[in-house]
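Keeping their order, the protein sequence lines are chains Z and L. Just so you know, we're using numbering that gives the first Met the number 0 here: the first sequence kicks off at 0 and counts up by one. Just so you know, we're using numbering that gives the first Met the number 0 here: the second sequence kicks off at 0 and counts up by one.
Keep in mind that the hints are not guaranteed to be accurate.
[To be verified] Over the 10 Å line for every Cβ pair with chain L, so calculated as not near, a few chain Z residues: (1) 165; (2) 198; (3) 389.
[Unchecked claim] Simulated crosslink set (BS3-like; lysine-lysine; CA at most 30 Å straight-line): (4) L:398 with Z:289; (5) Z:289 with Z:372; (6) L:531 with Z:103; (7) L:472 with L:531; (8) Z:472 with L:472; (9) L:504 with L:524; (10) Z:130 with Z:112; (11) Z:472 with L:510; (12) L:372 with L:119; (13) Z:524 with Z:504; (14) Z:524 with Z:472; (15) L:130 with L:119; (16) Z:248 with Z:289; (17) Z:531 with L:103; (18) Z:504 with L:398; (19) L:510 with L:398; (20) L:372 with L:407; (21) Z:510 with Z:407; (22) L:112 with L:62; (23) L:398 with L:372; (24) L:504 with Z:472; (25) Z:289 with L:407; (26) L:472 with Z:510; (27) Z:407 with L:289; (28) L:531 with L:510; (29) Z:504 with Z:472; (30) L:130 with Z:398; (31) Z:407 with Z:472.
[Unchecked claim] Listed next, the stretches of chain L that the computed footprint assigns to chain Z, with coverage defined by at least 3 CB atoms under 8 Å from CB atoms of chain Z: (32) 489 to 501; (33) 537 to 549.
Derived by calculation from the structure, the hints in this document are not laboratory data. All C-beta atoms in this analysis are idealised placements derived from N, C-alpha and C, irrespective of residue type, glycine included.
Protein chains: 2
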Amino acid sequence: MAGTPLRVIPLGGLGEIGRNMMLLEYADDIIVIDVGLMFPEEEMLGVDLVIPDFTYLRENVHKLRAVFLTHGHEDHVGALPYFFREFACSVYGTRLTDGLIRLKLGEHRQLQKADLHVVKPGEVIDAGVFKVEFFSVAHSIPDACGLIIRTPLGPVVHTGDFKLDHTPVMDQHTDLIRLAQIGAEGCLLLMADSTYAEQEGYTPSEQLVGDALRNILVNAEHRVIIATFASLISRVQQVVDAAVFTGRKVFVTGRSMIDNVAMARQLGYLNAPEGVIVGVEEMRNTPHSKLVIVTTGSQGEPTSALTRMANADHRHVSIVEGDTVVLSATAIPGNEQAVYRNVDNLFRMGADVLYNRVSNIHVRGHASREELKIIQAVLQPEYFVPIHGEYRHLVVHSKLAESVGVPKGNAFVLTDGDVLEIDENEARQAGRVPASYVYVDGMGIGDVDQQILRDRAHLSTDGVVVVMVSVDKRTGHLERPPEILTRGFVDVEMNEDLLERSRRKVADQFKGADHYAEFGDINTKIRDALSKFLYDETRRRPMVLTVTVEV
Amino acid sequence: MAGTPLRVIPLGGLGEIGRNMMLLEYADDIIVIDVGLMFPEEEMLGVDLVIPDFTYLRENVHKLRAVFLTHGHEDHVGALPYFFREFACSVYGTRLTDGLIRLKLGEHRQLQKADLHVVKPGEVIDAGVFKVEFFSVAHSIPDACGLIIRTPLGPVVHTGDFKLDHTPVMDQHTDLIRLAQIGAEGCLLLMADSTYAEQEGYTPSEQLVGDALRNILVNAEHRVIIATFASLISRVQQVVDAAVFTGRKVFVTGRSMIDNVAMARQLGYLNAPEGVIVGVEEMRNTPHSKLVIVTTGSQGEPTSALTRMANADHRHVSIVEGDTVVLSATAIPGNEQAVYRNVDNLFRMGADVLYNRVSNIHVRGHASREELKIIQAVLQPEYFVPIHGEYRHLVVHSKLAESVGVPKGNAFVLTDGDVLEIDENEARQAGRVPASYVYVDGMGIGDVDQQILRDRAHLSTDGVVVVMVSVDKRTGHLERPPEILTRGFVDVEMNEDLLERSRRKVADQFKGADHYAEFGDINTKIRDALSKFLYDETRRRPMVLTVTVEV
C-alpha cells in the first residue's frame with residue numbers, strides 16, 4: 000500500500016461549535032470519531048437540531064469499520080440516533096458514555112443497529128488497518144477520553160474535549176505520561192480541542208469550585224439551590240460532599256438531573272452516603288437550613304426545574320426570602336437572555352442569586368492556551384489540525400501550535416468537509432466532501448433548506464398579508480371585492496382604513512383589461528403593487544401571498 | 000409646600016439596558032433627564048427601535064419644564080425625535096451632545112420644537128423649582144456629564160454613564176472634588192450608573208488602549224484597519240496620535256464615522272495635524288506600511304464598512320494578506336454572532352485579526368465595583384437608586400451601596416414606571432405610572448403589540464399555510480377542490496403527497512352536511528383539523544390561515 004494516503008475528513012465541529020464528527024480513512028477502511036449534534040443558531044428559525052452530513056459515509060458505507068466516542072456530551076454523541084437510522088456498526092466508548100448512549104438510542108428505538116462495546120483507557124481496539132487506544136482526559140463529564148490511533152503512517156492523537164486539571168474531582172487526569180510516550184515514539188498528527196484557544200493562561204481546577212460551593216453551604220443560613228448541567232456529575236459530587244460536610248440533605252429535581260444522578264449512582268460515578276439524597280416527603284420535613292437542592296435549568300431552558308421555580312411554577316419548591324440560588328454554569332452564547340431572566344425573577348422573589356459574573360462557582364471544561372502548549376510540548380507532532388471551534392479558534396490555535404514548534408506550513412486550518420491527505424512525504428488539502436448543515440425540524444431530517452429559512456425570516460420580520468381575489472374567467476373582471484387577511488403585520492382593528500385602501504389598490508390592478516388573458520401573471524402584479532403600497536404607507540415589508548379564484 | 004414630596008419616576012433604563020429616561024417631579028414642575036432609545040431584544044421580531052412610554056408626561060404636559068441630556072449616546076438621546084413629535088421645551092446639553100442632537104433632530108425635521116441650549120460643566124440652569132448643574136464625568140464619548148439637581152428637599156446627584164479614569168485621553172475626568180462638596184453639604188439622593196455593578200475592581204484607563212494601539216501601529220509591517228464606535232471620538236484621537244507617532248496617514252470610512260469625525264474636528268474634539276487624515280486618492284497612493292484606516296462596523300452591522308471589507312464588498316478597501324484588523328470594541332450582547340462572522344471572514348482573507356478576547360484593545364466606559372464605592376464614599380447619600388441596568392445589576396448595585404454605608408432600607412431597586420416619593424421624613428415606593436415598551440416599526444410608533452409579536456414568532460418557527468375553499472352557499476358543498484399555499488413550512492415539490500392529503504383532509508370537513516349553515520364556523524373547523532393533521536404528519540405547527548369564498 001505504499002503511497003496510499005491517510006485521509007482526515009471532518010464532517011462537523013470545525014468552523015462551528017457542536018456536531019463534532021471526524022472520519023479517518025486509509026484505503027478501504029474508515030473509522031468515525033464522535034457523532035454529535037449542534038443546537039441551532041439564531042438565524043436557523045424553527046430548527047430543532049443540526050446534525051452532520053452523512054453523504055460521504057453513505058457513498059463509502061462499505062468502508063465503515065467502527066465508531067469511537069470520546070465522551071457522552073450531546074455535541075459528541077447526540078446525532079447517533081440519526082446515524083443509526085441508516086448505518087449499522089460497532090461503537091466503542093467508556094462506561095458512562097455507553098450508559099448515556101444506551102438511554103438515548105433506546106428512546107429512539109435504534110439500539111439494535113449499534114453493536115455497543117464498553118472500553119477502558121489503555122485498551123486497544125482493532126478496526127480495519129487502525130488500532131485505537133483510549134486515554135483518559137480531564138473534562139466536565141466523567142470517563143472522558145482522547146484517542147491514540149495507530150495508522151500505517153504513524154500514530155494520530157485526537158484529544159477529544161479536554162483540559163489539564165491536577166486536582167480533579169474524581170481523579171480523572173489527562174494522561175500526560177501516555178501522551179509523552181507517543182511523543183517520544185513520534186506523533187504523526189495531533190488533533191486538539193480549540194474551544195478555549197483564545198483564553199490566556201490556565202483553566203482553573205474543579206477544586207476551586209468545590210471550595211466555593213462548600214463555603215456557600217457553610218455560610219448560607221437558609222436553603223441553597225444549585226443549578227448545573229445534568230451531565231456534570233463531578234459538580235453534583237462536589238455538592239453532595241459539601242452537603243455531607245455541613246449536615247445538609249440533598250434533594251434532586253429536573254428530569255435529566257434525576258435520570259443522570261440515578262444512572263451515575265448505579266454505575267458508581269456518584270458516591271452519596273445512605274440517607275443524604277432524599278425524596279419529596281423527606282425534603283418537605285427538612286428545615287431549610289439543612290437542605291440543598293440540585294436542579295437543572297442553568298441555561299434558562301423554558302421547561303426546566305429552575306425556570307419553573309423562577310416563575311413560581313415548580314411543583315415542590317417555592318422560592319422564599321433567604322434562599323440562596325447558585326448558578327454553577329456559564330450561560331452558553333445564545334442563552335444569556337433566558338439565563339438572566341431567571342436571575343432577575345429569582346432576585347424579585349427575594350432570593351440571593353450567585354452566578355458566574357459575581358462569584359467563582361464554575362470553571363470550564365476546556366484547555367486554555369498554556370495547557371494547549373503543554374500538549375504540543377509532550378507530543379511534538381509532525382502535523383497539526385485544530386479541532387472543535389469556530390474558525391477564529393482554529394486560526395489562533397494553529398498560530399499557537401506554530402509558535403511552539405509545529406513546522407511552518409504543517410498546521411492545517413480545516414473546516415467541515417475539507418479533506419487532508421497525509422503520505423510518507425507530505426500533507427496537503429485534497430478537495431472537499433459534502434458537509435452541509437442537516438437540519439432536524441420535527442420529523443423532517445434534512446428537508447428544511449435555505450429557501451424555507453429565508454421565508455421564515457421574512458415572515459418573522461413583518462408578518463404576512465394574504466390577498467384573495469375572485470376573477471370572472473371570461474371577462475377578467477373582479478367578481479367581488481378582494482379579501483385581505485393579515486397576521487403579524489399591523490393591528491387590523493386600528494388599521495381598517497389602510498386595509499380598505501389596500502383592497503382598492505388590489506382592485507385597481509384589474510382596471511383597463513377586457514379579458515383575463517391580458518393580465519399575464521395577475522398574482523405577481525397584485526403582489527408587487529400591494530407590497531410597494533404597503534411599504535410606502537408603513538415602511539414595513541410583509542410577505543404578500545395571493546390566491547386567485549376563477550369563477 | 001411643606002409635605003410636598005419629591006417624586007422620582009424612571010420611564011426607561013431601569014430593569015433593562017437602553018432607552019434611559021428619568022423624570023423628577025416636585026409639585027407643578029417636572030424635569031426630564033435623557034430621552035434614549037433601546038435596540039430591540041431577540042424576541043421583539045421585526046421591531047426597529049424601542050422608546051420610552053410618554054403617557055405620564057402626556058398627562059402632565061403642563062408641568063414639563065426642560066430636558067437635560069447627560070451625553071450624546073443613542074441610549075440617552077436617541078428617542079428625542081419621537082419626543083419632539085408631541086412635546087416642545089428647552090433642552091440642555093454640553094457642546095458635543097448639542098452637535099449630535101442637532102444632526103439627529105434635523106434629519107427627523109424636529110428641530111423647531113426643541114429649544115436647544117449649550118451648557119458647560121459648572122453652569123446652573125433654573126427649571127421650575129429645580130436648579131440643575133452639570134458636572135464632568137469620564138465616559139466613552141467626549142463632553143459626558145452627570146447632574147447635580149437642587150430640589151426643595153436637598154441635592155440629588157445623577158451620574159449619567161460614567162467611570163473614573165485618572166489618565167483619560169482628553170482630560171475628561173469625573174469631577175470628584177465637586178461631588179465631594181455635595182457630599183459635605185449632604186446629598187439627599189444618589190442615582191448612579193449600574194451597567195458594570197457586577198464587575199469586580201476597576202475599569203482600566205483609556206491610556207491602556209492608547210499604548211496598545213501605538214504598539215500595534217509600531218509593529219505592524221503593513222496596513223492596519225481599526226474598527227470602533229463612531230461616537231468614541233477619544234479612541235479615534237488615540238489612533239490619530241499613534242499614526243502621527245509612526246508616520247502613517249489616516250483614512251476614515253463608514254458614514255457615521257465620517258460624519259462624527261468631521262463634526263468632532265469642527266468642534267475641536269479631535270485634533271489631527273494638517274495632512275494626516277487623507278481622502279481616497281491619497282489613500283490609494285500611500286504604501287500600506289504607512290496607512291491606518293479607521294472604520295465603522297465593530298458590531299458587525301450588516302451594511303457597515305468593516306462588514307463590507309469582510310465580504311470583499313467595500314468600494315475602496317480590499318483586504319489583503321498582511322493586513323492587521325483591530326476590533327477596538329466589545330461585542331454588545333446580541334451582536335456576537337455578526338461580529339465573529341466578520342472576524343472569521345477576515346481571517347479567511349489572510350488578515351491578522353486582533354479582537355478583545357486576544358488583545359487589550361478596548362476598555363469599557365462604565366465604572367466597576369471599586370469605582371462605584373468611591374462615588375458612594377464621596378457623596379454619602381441619604382437615599383440611593385441604582386440606574387441604568389438590568390434588574391440584577393440594580394440589585395447587586397443596591398447591595399453594594401448598603402455594604403458601604405447607605406442606611407439599610409434606603410436603597411431602592413426601582414424598575415421603569417415605579418414611583419419613589421421622598422419627603423422630609425422618609426422615602427417610599429408610591430405606585431406606578433405607565434412604562435410599557437413602545438415599539439417603533441417602520442413608520443408605526445407604538446402600534447406593534449404583543450399579539451403581533453406572538454404571530455411573528457409563530458410564523459418564524461414553522462411558517463404559514465393558507466387554505467382557500469369555495470363553498471356553494473346554498474348546499475354548503477365544496478364548489479371545487481381546496482387550494483393550499485405554504486411558505487416557510489416544507490419544500491412544496493418534495494411534499495406533493497402531504498399537500499394532496501392535506502387538501503383531502505380539508506375537503507373531509509365538508510362531509511355530512513346538507514347546507515352551509517350547519518357548519519358553524521367552518522374556518523375554525525378547517526384550521527383545527529388541518530393543524531392537527533400537519534402536526535401528526537410533520538411534528539411542525541405552521542400558522543394555518545383559511546379563506547372561504549361563498550359562490
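Hints, verified against the model:
Every Cβ of chain L is farther than 10 Å from the Cβ of residue 165 of chain Z; the closest lies at roughly 25 Å, confirming the non-interface assignment. Its closest Cβ contact with chain L, about 8 Å, brings residue 198 of chain Z to no more than 10 Å, contrary to its assignment away from the interface. The claim that residue 389 of chain Z lies off the interface is violated: its Cβ sits roughly 6 Å from the closest Cβ of chain L, which falls inside the 10 Å cut-off. A distance of roughly 26 Å separates the Cα atoms of residue 398 of chain L and residue 289 of chain Z; the hinted pair therefore holds under the 30 Å criterion.
Restraint check: the Cα-Cα separation between residue 289 of chain Z and residue 372 of chain Z comes to about 45 Å, which exceeds 30 Å; the hinted pair is violated. In summary, the hint linking residue 531 of chain L to residue 103 of chain Z is supported, as the alpha carbons are separated by about 27 Å, within the 30 Å threshold. Straight-line distance between C-alpha atoms of residue 472 of chain L and residue 531 of chain L comes to about 27 Å, which keeps the hinted pair within the 30 Å bound. Under the criterion of a C-alpha separation no larger than 30 Å, the hint pairing residue 472 of chain Z with residue 472 of chain L is consistent with the structure, at around 20 Å.
With a CA separation close to 11 Å, the supplied pair residue 504 of chain L and residue 524 of chain L stays within the 30 Å bound. The hinted pair formed by residue 130 of chain Z and residue 112 of chain Z meets the criterion: a straight-line CA distance of about 23 Å does not exceed 30 Å. Proximity of residue 472 of chain Z to residue 510 of chain L is assessed by CA-CA distance (about 28 Å); at most 30 Å being required, the pair is judged to hold. A threshold of 30 Å between alpha carbons decides the hint, and for residue 372 of chain L with residue 119 of chain L the separation of about 27 Å falls inside it, so the pair holds.
A distance of roughly 11 Å separates the Cα atoms of residue 524 of chain Z and residue 504 of chain Z; the hinted pair therefore holds under the 30 Å criterion. Annotation: proposed proximity of residue 524 of chain Z to residue 472 of chain Z holds, straight-line Cα distance about 17 Å (limit 30 Å). Between residue 130 of chain L and residue 119 of chain L the alpha-carbon distance is near 14 Å, which keeps this suggested pair within the 30 Å criterion. A distance of roughly 6 Å separates the Cα atoms of residue 248 of chain Z and residue 289 of chain Z; the hinted pair therefore holds under the 30 Å criterion.
As the CA atoms of residue 531 of chain Z and residue 103 of chain L are separated by approximately 27 Å, the hinted pair is consistent with the 30 Å bound. A C-alpha spacing of about 60 Å is found between residue 504 of chain Z and residue 398 of chain L, which places the hinted pair above 30 Å, so the restraint is violated. The hinted pair formed by residue 510 of chain L and residue 398 of chain L fails the criterion: a straight-line CA distance of about 68 Å is larger than 30 Å. Taking the CA atoms of residue 372 of chain L and residue 407 of chain L, the gap is about 16 Å. The hint holds against a cut of 30 Å.
With a C-alpha separation of about 72 Å, the suggested pairing of residue 510 of chain Z with residue 407 of chain Z is violated against the 30 Å cut-off. For the given pair, residue 112 of chain L sits about 17 Å from residue 62 of chain L by alpha-carbon distance, which is consistent with the 30 Å threshold. In summary, the hint linking residue 398 of chain L to residue 372 of chain L is supported, as the alpha carbons are separated by about 11 Å, within the 30 Å threshold. Of the pairs offered as hints, the one joining residue 504 of chain L and residue 472 of chain Z holds, with about 28 Å between alpha carbons and a cut-off of 30 Å not exceeded.
Between residue 289 of chain Z and residue 407 of chain L the alpha-carbon distance is near 28 Å, which keeps this suggested pair within the 30 Å criterion. For a cut-off of 30 Å, the pair hint linking residue 472 of chain L to residue 510 of chain Z stands: about 28 Å separates their Cα positions. Between residue 407 of chain Z and residue 289 of chain L, the direct Cα distance comes to roughly 28 Å. Compliance with the 30 Å bound is thereby established for this hinted pair. Annotation: proposed proximity of residue 531 of chain L to residue 510 of chain L holds, straight-line Cα distance about 18 Å (limit 30 Å).
A threshold of 30 Å between alpha carbons decides the hint, and for residue 504 of chain Z with residue 472 of chain Z the separation of about 20 Å falls inside it, so the pair holds. Distance check on the hinted pair: residue 130 of chain L and residue 398 of chain Z sit about 59 Å apart at the alpha-carbon level, beyond 30 Å; violated. For a cut-off of 30 Å, the pair hint linking residue 407 of chain Z to residue 472 of chain Z is broken: about 73 Å separates their Cα positions. Residues of the segment 489 to 501 of chain L with a Cβ under 8 Å from some Cβ of chain Z number 4, which satisfies the need for three, so the listed coverage holds.
Here's how the segment 537 to 549 of chain L fares: 7 of its residues keep a CB closer than 8 Å to some CB of chain Z, so the rule of at least three is met and the hint holds.
The structure fails to meet hints 2, 3, 5, 18, 19, 21, 30 and 31 from the earlier list, while all remaining hints are met.
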